[in-house]
Amino acid sequence: MSSLLVILALAQAAPDCRKPFTDGLAEYQRKDLNQALISFRTSIQCNPKFVPAHLAIANIYAERGNEGEALAALLDALRIEPENTLALRAASNLYLKNGLHIKAQPLLETLTARTPRSVDAHADLAAVYAASGKREDAEKYFRRALELQPDYFPALAGLGNLLARAGDDAAALPLLRNAVQREPQSYEGHFLLGSALNRLGQFEGAKTELQQATKLGGANEPQVYYQLARAWGGLGKAPERKEALTRFSELTKKQKDDTELQRRAATLIDEARVLLQSGDLANAAARLELAREAKPADAALLFRLAGLNFDMQRINVAREYAQAAISISPATWLYHYLLGLIERSSNRLPDARTSLEMAAKLQPTEAPVFNALGEVLLQQGDRQAAITAFERAVKLGPAEAAFQKNLDAAKPRQ
Amino acid sequence: MRALSLLALAASAATGPYFVDEALKAGLKDIFVCGDSDRKNYIIETIGTGAAFLDFDNDGLLDIFAVTASKLDGFAPGAEPVNRLYRNKGDRTFEDVSKKAGLAKSGWGQGVCAGDIDNDGFTDLYVTYWGADVMYRNRGDGTFEDVTPPGIGSRWGTGCAFVDYDRDGKLDLMVANYVDFDLKNTPRPDGPKPCQWKNEKVMCGPQGLKPGLNRLWHNESGPGTIRFVDVSKKAGIEAPGSRFGLSVTTLDYDRDGWSDIYVAVDSQASLLYHNKHDGTFEETALESGVALSEDGREQAGMGTAVADYDGDGWPDLVKTNFIDDLPNLYRNNRDGSFSESTSLAGLGKYVHFLGWGAAFLDYDNDGWPDIFMVNGHVYPDVKSGEYRQRRILYRNGGAGKFTDISAAAGPAVMEKSSARGLSVGDYDNDGRPDLLITNMNERLSLLRNTLPAGNSITLKLIGQKSNRSAIGAAVRVTTGNRSLTGEVRSGSTFMSQSDFRLQFGLGIALKADAVEVQWPGGALEKLGPQPAGRIVTITEGKGVTANTPYSK
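Quick mapping for you: the protein sequence lines, in order, are chains A and Y. Note that numbering that gives the first Met the number 0 has the first sequence beginning at 0, numbered continuously upward. Note that numbering that gives the first Met the number 0 has the second sequence beginning at 0, numbered continuously upward.
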């Protein structure tokens, strides 16, 4: 998404909303991503249908590796402009990266229709078709991509692999060899060529390509070692075959362990939810802390932990979790709100005020945020600011008697 | 070679249909049930049931035993579906003798395998269940008695096979158990935590459920008593841990004279138990190249079959898998390992079939084993996959290449059903292999082979020192400059049992020049020329003891 900002810079926001957006761009260029996120969110609050701001937020989240938030922002953009090519491209990329081919498919179909000369869109759609067994469609789109750009590596490799799997090795091998020539530093090309040579029983050539693949980034890919074992086996080299299989098993086990860790984390979170519902806060927190070991950068999980510890009056622990959640997802108002409540409870009023003001800025429609801010301001002796905050809370949540009561109490007696 | 090639040309030019579904004409009208027809809430409703071709009354005609499961919401008393035994009347029709035989049992039946467990000359049965499996002893008078060993327990048994793994002359038993299934704690598609397949809510499993453990039972029966002892742990069967095991196939893949065992596993690596000759096994699937796909991925293995498809004298292996994947054709490298030859052999064409039963059969008697596969999805109500799928007949062109000739083979092959079990056997004794197919919540399909092509010879083996069913016997038939090989086996395909008799296509040759039998007890028996067009009975140590012409 690096080219995104050029386009975003040219985007025209509504005059009133221009400032936060341009502020955000400047902050992004200064690498102040947290502030940039806040500015882009402010821009969206000003004009919720301003697609460039959604795309900018997606860009920042994607850069930070927070793909869930990035995708959410892109889908917001697509709800506003279903044929926005930038959003289609970026969202389909995220889906493909996570193996969600079915979700990527309609986006890529729209994208190829909108951008008939886009090589990568055609090649990606072909790859999606190949993964779902639509061999003829896959071949058609790979070939279209190669018409657009005859040396496009993903299309050469993809079509070569497709044909090799269908047993059409005569057609596959030149494509795969061409792919390797185009990108000799890509492990994938060597891997696919090596695999095809294995299928053909050309084990010496396969071994060479697969060994090259291990040197070019394929060293952590179990499939490379599986193919290498096949090649060594074909060459009658039992010890080398065994060694490759051992490496394959180690890497596979690691992948499985990681997956199991994630699955276990999900189970622990489910268990925590049930415990929470039954009022067993301590055990719920213990489950979540175990889950955190598997998902250390999951902001939502950290937020839950902060909330639970706050409920149990473990203020210092709660603060640490809330701050950690904010460091991962600084534009989420709820995290700032919780931190504000935590700080207020420990009488750290300036910190509480800062957090609650940030929450109010990020989400100016949440009555409880303004009510909490009013309470802090009142404690600090800033009665006029407190009244303003309570008035906002009452306006946003007129049905909540506590807000009105706070407002009445804050107003000077006549 | 030249004669066989000429025949191959003739067969490829023959006009179909090669197979005709004669189930209704044969009187096979009963419906075999596995869960609800339109909606599958649990995995238990999806894998269907198996069937067997066996000659239970030793009249020389193949009978049929078919297993049924049930529905989770049950049936009215007296209306429960039951397992069926159909006796072959010799005129291509069958009569239902289930009740008389004592086999008309209801329950959640799954698979079946056959073998003579007490060496009395009559074929016995083992039926797997979700619940407790049942072992039936054939009394020899048309009836069976329940001789289920104590300790079978309640599991979800799927594929099974009798095998004399320690060569003591008595058939032991290998059983795959699929899922340690807990109905109460398994999410439903319409529940709060449904599972998804291609964005549609579906039943859950097997991933996320607890896998089952394969069991090996050692036959310690004595005169008048049937006794099987669970030796799974001692024999190394438990060593790989629990797996989603489905079909069980026995084969002597390294030709050392000791039976090895292959288990096709769903969603995990499949298992190859190498027989160490001392009553134990070592799991070697990964090292042997039959655990995973050619990319090193775990697959959803379903059915398996074994034959020497490339004519090199070594047994090769075929396995069906889930949709969006290819089947596997594993070619034996003759060094204890296999190479995946799926695409090279022409089986890389389709990924939209969800395969179950698989079998090698030489439908055109040209001396090259062809492949038959039955298919069908597990979800009847999803938009992303076809529940009813056609069958596939791959013709072996003789050079390690297969061609899909299903359309030419006729409407019975192209017919769509959600098929599961598959058995091969020549039920009309005409020298051409026929097929028996189980279909989800439908009647059986009985595909009679009508192709007028090629000569063949059928060998029926009777063990003496070896187990009476001769399971594990390896046969080599020489004709011209070719050697054809086969092995008697129990189980295989998908939860089903095929004919014990071995049929060898001889092309236009009028005789087999020589026959060699390597009996499972270790003896090698060599026989001279045998004429084509006959069912030849060979008794261990006695040579040919019967010789019957094929029916017209």
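Wrong hints could be hidden among the right ones.
[Stated by the list, open to error] Simulated pairs of lysine-lysine, DSS-like, Cα-Cα distance not exceeding 27 Å:
#1 LYS200(Y) with LYS241(A)
#2 LYS382(Y) with LYS102(A)
#3 LYS197(Y) with LYS294(A)
#4 LYS139(A) with LYS275(Y)
#5 LYS232(Y) with LYS252(A)
#6 LYS96(A) with LYS232(Y)
#7 LYS348(Y) with LYS102(A)
#8 LYS24(Y) with LYS551(Y)
#9 LYS382(Y) with LYS133(A)
[To be verified] Ranges between beta-carbon positions, derived for each pair:
#10 GLU199(Y) with GLU80(A): 26 to 32 Å
#11 THR207(A) with LEU71(Y): 53 to 59 Å
#12 LEU71(Y) with LYS255(A): 49 to 55 Å
[What the hints assert, rightly or not] Rough simulated footprint, nothing fancy, chain Y against chain A, three-plus residues with beta-carbon under 8 Å:
#13 153-167
#14 338-352
The set of hints was computed from the structure by calculation and includes no laboratory data. The beta carbon of each residue, even a glycine, is placed where N, CA and C say it ideally should be.
Quick rundown of the hints versus the structure:
1. LYS200(Y) with LYS241(A): violated, 42 Å
2. LYS382(Y) with LYS102(A): Status holds; Cα separation ~15 Å.
3. LYS197(Y) with LYS294(A): holds, 26 Å
4. LYS139(A) with LYS275(Y): violated, 51 Å
5. LYS232(Y) with LYS252(A): Given pair LYS232(Y), LYS252(A) holds - Cα atoms ~24 Å apart, limit 27 Å.
6. LYS96(A) with LYS232(Y): Measuring from Cα to Cα gives roughly 43 Å; hence the hint is violated.
7. LYS348(Y) with LYS102(A): Answer holds: LYS348(Y) to LYS102(A) is near 25 Å, not above 27 Å.
8. LYS24(Y) with LYS551(Y): holds, 18 Å
9. LYS382(Y) with LYS133(A): Holds, at about 15 Å.
10. GLU199(Y) with GLU80(A): 26 to 32 Å: Check passed, 28 Å falls within 26 to 32 Å.
11. THR207(A) with LEU71(Y): 53 to 59 Å: With a Cβ separation near 56 Å, THR207(A) and LEU71(Y) satisfy 53 to 59 Å, so the hint holds.
12. LEU71(Y) with LYS255(A): 49 to 55 Å: violated, 32 Å
13. 153-167: Per the Cβ count (4), the hint holds.
14. 338-352: violated (count 0)
Hint compliance for this structure: hints 1, 4, 6, 12, 14 are not met, and every other hint is.
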